[in-house]
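Engineer: Residue numbers (this note's numbering), protein chains in the order written: chain A, 1 to 465; chain B, 1 to 272; chain C, 1 to 309.
The set of hints was computed from the structure by calculation and includes no laboratory data.
Quick caveat, the model's predicted, so the values are computed rather than measured.
Mixed in with the good hints there might be a few duds.
Cβ-to-Cβ under 8 Å is the rule here; a few derived chain B residues that face chain C [unchecked claim]:
1. G9
2. T110
3. Q258
To spell it out: a stretch of chain A is covered by chain C in this simulated footprint if at least three of its residues, at any positions, have a beta carbon under 8 Å from a beta carbon of chain C; those stretches are [stated by the list, open to error]:
4. 223-235
5. 414-426
From the three backbone atoms N, C-alpha and C, an ideal C-beta is built for every residue, glycine too.
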Amino acid sequence: MKGFTVKKNQNWLKISMIFCALAILLLTVFGQAQAWDLKAAAKPYKGETIRTIGEALPPLEALDKVKEKFTKLTGIKVVVEQYAHEEAVDKVMLDLNSHTGRYDFIIQPHRELGRFVENKHVVPLSRFMDDPKLRDPNFHPEKELYVNLWNEISWYGDKPYGFPFTAITMFLWYRADLVNDPTERAGFKAKFGYDLKAPQNWKEYKDMAIWFTRPEKGFYGTAIQGKRHVALWYEWLNFLYSFNGDILDVDKGYKYGPIIINSPEAIESLDYYKSLVQYSPSDTLNYDWDGAMAAMQQNKIFECIMWNDATYAVEDPKQSTVAGKMGFDMVPQGKGGKVGQVEGWTYLIPTDSKNKEAAYLFIQWALRYNNQLEQHLNGGASPRPDVYAHPEVKKLTYSKAAMDTNAASLPKATFPESPQMTDIIVLALSDALAGKKSSKEALDWAAQEIHKLLGDKAPLKFPVD
Amino acid sequence: MNRAWRNLGFGIIVAVIIIAMTPYIWMFLTSIKTRVDALSSIPKWAFSPTLEHYPKVFLDKGYLPLLGNSIIVAVSSTLLSLLVGVPAAYVFARDRFSGKEDLFFFFLTTRMAPAISVVVPMFIIFSKLGLVDTYLSVILAHSSFNISLVVWMMRGFFEEIPPEIDEAAQMDGNTKAGTFFRILLPLAAPGIAATAVLCFILSWNELLYAMILTAFESRTLTVGIPGLVQPHGTLWGQVASVAVVATLPIIIFTFLVQKHLVRGMTFGAIKG
Amino acid sequence: MAGFAKIKWQRILLDKGAGALFLTPALILLLVLLVGPFSYMVGLSFTDMSFSQPGHDGNFVGFANYRKLMQDDPIFWESFLTTIKFVFAAVSLEFLFGLCLALLLFHLVGGQRLIVTLILMPMMLAPVAIGLMWKLLLNGEFGMLTYYLRQIDLMAPQTALLSSYDLVLWTMVGIDIWEWTPFVTLVILAGLMSLPKEPFEAAIMDGAKPLRVFWDITLTLLRPIIALVMLLRGIDAFKEFDKVFILTGGGPGTATELLSIYTWRINFRNWDFGYGSVVAFMVYLVVLIMCSVFYKAITWKQGLEGIKT
Chain A
1 MKGFTVKKNQ NWLKISMIFC ALAILLLTVF GQAQAWDLKA AAKPYKGETI
51 RTIGEALPPL EALDKVKEKF TKLTGIKVVV EQYAHEEAVD KVMLDLNSHT
101 GRYDFIIQPH RELGRFVENK HVVPLSRFMD DPKLRDPNFH PEKELYVNLW
151 NEISWYGDKP YGFPFTAITM FLWYRADLVN DPTERAGFKA KFGYDLKAPQ
201 NWKEYKDMAI WFTRPEKGFY GTAIQGKRHV ALWYEWLNFL YSFNGDILDV
251 DKGYKYGPII INSPEAIESL DYYKSLVQYS PSDTLNYDWD GAMAAMQQNK
301 IFECIMWNDA TYAVEDPKQS TVAGKMGFDM VPQGKGGKVG QVEGWTYLIP
351 TDSKNKEAAY LFIQWALRYN NQLEQHLNGG ASPRPDVYAH PEVKKLTYSK
401 AAMDTNAASL PKATFPESPQ MTDIIVLALS DALAGKKSSK EALDWAAQEI
451 HKLLGDKAPL KFPVD
Chain B
1 MNRAWRNLGF GIIVAVIIIA MTPYIWMFLT SIKTRVDALS SIPKWAFSPT
51 LEHYPKVFLD KGYLPLLGNS IIVAVSSTLL SLLVGVPAAY VFARDRFSGK
101 EDLFFFFLTT RMAPAISVVV PMFIIFSKLG LVDTYLSVIL AHSSFNISLV
151 VWMMRGFFEE IPPEIDEAAQ MDGNTKAGTF FRILLPLAAP GIAATAVLCF
201 ILSWNELLYA MILTAFESRT LTVGIPGLVQ PHGTLWGQVA SVAVVATLPI
251 IIFTFLVQKH LVRGMTFGAI KG
Chain C
1 MAGFAKIKWQ RILLDKGAGA LFLTPALILL LVLLVGPFSY MVGLSFTDMS
51 FSQPGHDGNF VGFANYRKLM QDDPIFWESF LTTIKFVFAA VSLEFLFGLC
101 LALLLFHLVG GQRLIVTLIL MPMMLAPVAI GLMWKLLLNG EFGMLTYYLR
151 QIDLMAPQTA LLSSYDLVLW TMVGIDIWEW TPFVTLVILA GLMSLPKEPF
201 EAAIMDGAKP LRVFWDITLT LLRPIIALVM LLRGIDAFKE FDKVFILTGG
251 GPGTATELLS IYTWRINFRN WDFGYGSVVA FMVYLVVLIM CSVFYKAITW
301 KQGLEGIKT
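Please build the complete structure, drawing on both the sequences and the hints.
Structural biologist: Following this line, the structure appears as structure tokens:
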């Protein structure tokens, strides 16, 4: 009996050893796929320096500090060039068109995306995302980012070219302390018949503007960003969308379509917008976003429509006399319902970049939750919902309004002629505000100019006689 | 000149100085005010000053090297323009040759070229030569508009000096070049001083070429200023700080060069 | 024999060859730095070169851009008119004030360093910074100057200079005068200080009245300097960009849309270099013609003077 047992045991031993060997072999083969590691992926590029360019604002300054962690992990040095808005765009255009290849990745406003893609200056992300050596398997942008933001800001023609660096929007700023003040409440109700609150529609917005305009006291209802500047276009878009208008009748930024900027709804929105000038400070036609915000900070106006990434400035006691008195809500609703706009700067990788892979690794790393959180808490505007769910972020007074607006945003044009189209609209709006043209004349002129610019791809839906 | 006129004259000069200086004084005050004070509706002349803006812009934002860049670019382009332009101006003032006025007019026209259009071909050329983001490209670009200025102005100053002086020097055995270097240059000192001041200022304050032809490392201080006009609020305190610091070297330079203006006057008296 | 050059060929070079030697470096630099890029720009004006439109890589289009300018660009012509208004107003007032101030300084203060430096201060600051400073001073709500102007009733409480369609261009002229009168003053002052004494002494001995002395002698001797400084200011005023752009962006509407701002828009916003080169070339031609006329008038007059004496 003993002999038989020993032999059986020996067989079992052999079988288990073979099993173990097989198991180890299998684990090694499949285990490798799970063991993607940033440090390993970055090894071929260790010691390289990658250079980027963006707008000199707190989020980029935050990135400039956070990047040190990346360098420690991978040995890849990162240089961040920070410039004013205009300069950051100009330098990139010059670099891309002269094929100098100075920048390994760039951060640009999403309206420029069409220009880059159509001129083949940037590469689609797929070549990096599909590469197992570079792609972090734990990174699922379609699940981790606000997908509509990602689409709006970094996609063109149904392909992604990057990820959002910031995703900012505009919403309503108002003085909550005045809304809650008993004297104001009583007086307002007596005159208008309803309670003071965050204005929910345009009638309420104007009623409150009328109520709070007291020039003798140096206080006004609202301020519009009326300077001949791109800020004017951004601000008016809120009104245009809310009145159920739009510039082109399309559903995606890169598409051309019928021009509807001179539709009756659009004209109505411009008439309304113009009517706010008399309830604004005297210099409102020279205000860009800075002027309007300064007016709010200095306790000169009751309400305005402003950017979410500037709210920290109005809540900072060192810069603002109304810190802690503010309330935020979505843009008042008109026939268009709940709408907003989104504006973003996107990471992109140029065709002439000399270190595309290293750049992709950095971008992927910067999109991680921790890095995004740090950027966001420093005045950033992250495209990650989980960042907004963080308690610190939730404490920020404007978070809810920002999230709601993000969810309701309409696309903006991103085809190559888009910036030029914006310029035409800014001039039309400025002419209308200055009283040189009526709203209809100004928008009709804009429609004709846009048609000249875009040609037959954009026919006039409301022909001008 | 009787008393009343003199007093009126001095009064006007004082008024002019006040008009000239007020924006500067306000700017200096803004550089030491907090943002809330700077944007107060009733102008504040009394407030508690703060020095926070200076280190914020020059250290945190790293604008201090930009000051050095400005100095290098302005000094070099002024020297280059003077070196190349003053002798040329002399030739126009003294020599006769066919086509002289046409050639002079050509020099004038180089200034008319609109920088906005010329800068992009220039950028392309410089980038092919690998000169973008070096001092040399900006120095050359600045010299391109300052040379015509130098030739222009110095010709006028040279023409004010009577040709007899040239002749006397040449009779003494000097070559034309020798006459120029030994006799005429010192006499034209006030003109050179005025021209140098102008060249320095124009180069120091120039924005377009400096912005396009430099990148991060060789930006001048002037290029840094628009960067402070941010969507989150123009950083008035920082803008004012940069403006104050940017003006100081020019004031110093002008003050120093003035000495030669005065010397020139004395020379004029002697030769008269 | 005095002199540095002892060897014969050195003497010839420094004597006869001095002219060429002195002129050549300037010519070379200008040819390379300006004529080259400028010719390239003129070449571009016949193409459709654009950095933003795909496929517009510099294909030849003949005179299409020129035709567009002539027939289809009312904004260009409006901008042209605005610039002319700006240049004439600013330059003529700068001349007037500059001349008076230079005379005043010359007679009362001589070359006194401190005072001259103080008066020169406006032109020492970068135009872009000047624009920002005046923006703060003239702001409707926070501007120091606005406040005081309203206090002394020179301005209505609801007007703000930079938002006023009617007043904004003249405000720009005013700021330009503030910035550049010192320059005119400096040059004329330097000219005054370099004037020879003899003609004045002779005139005084002849018993001439001060006004006559001024008109006949001072102005005449200063003419070349004055002509050149005004020409210089005229050309530079035509190219005015930095401070107007940062103050108003060309607005409200097109009230301050100077030609340089319009050119910038086409070149750096639309990145349309084909059309942008035509606009720039047109501006250049206009300035060239105006300056030629002015220049010929001056030299013709100087020629006459030469014949008289």
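Engineer: Would you mind marking each hint as holding or not holding in the structure?
Structural biologist: Checked hints:
A least Cβ separation of about 5 Å between G9(B) and chain C falls short of the 8 Å threshold, and the interface hint therefore holds. The beta carbon of T110(B) comes within 5 Å of a beta carbon in chain C, closer than 8 Å, and the hint placing it at the interface holds. For Q258(B), the suggested interface contact is upheld, since its CB lies about 4 Å from the closest CB of chain C, less than 8 Å. For the segment 223-235 of chain A, the stated coverage by chain C holds: 4 residues have a C-beta nearer than 8 Å to a C-beta of that chain, and at least 3 were required.
Judged by the Cβ-Cβ criterion of 8 Å, the segment 414-426 of chain A is covered by chain C as claimed, because 5 of its residues qualify and three suffice.
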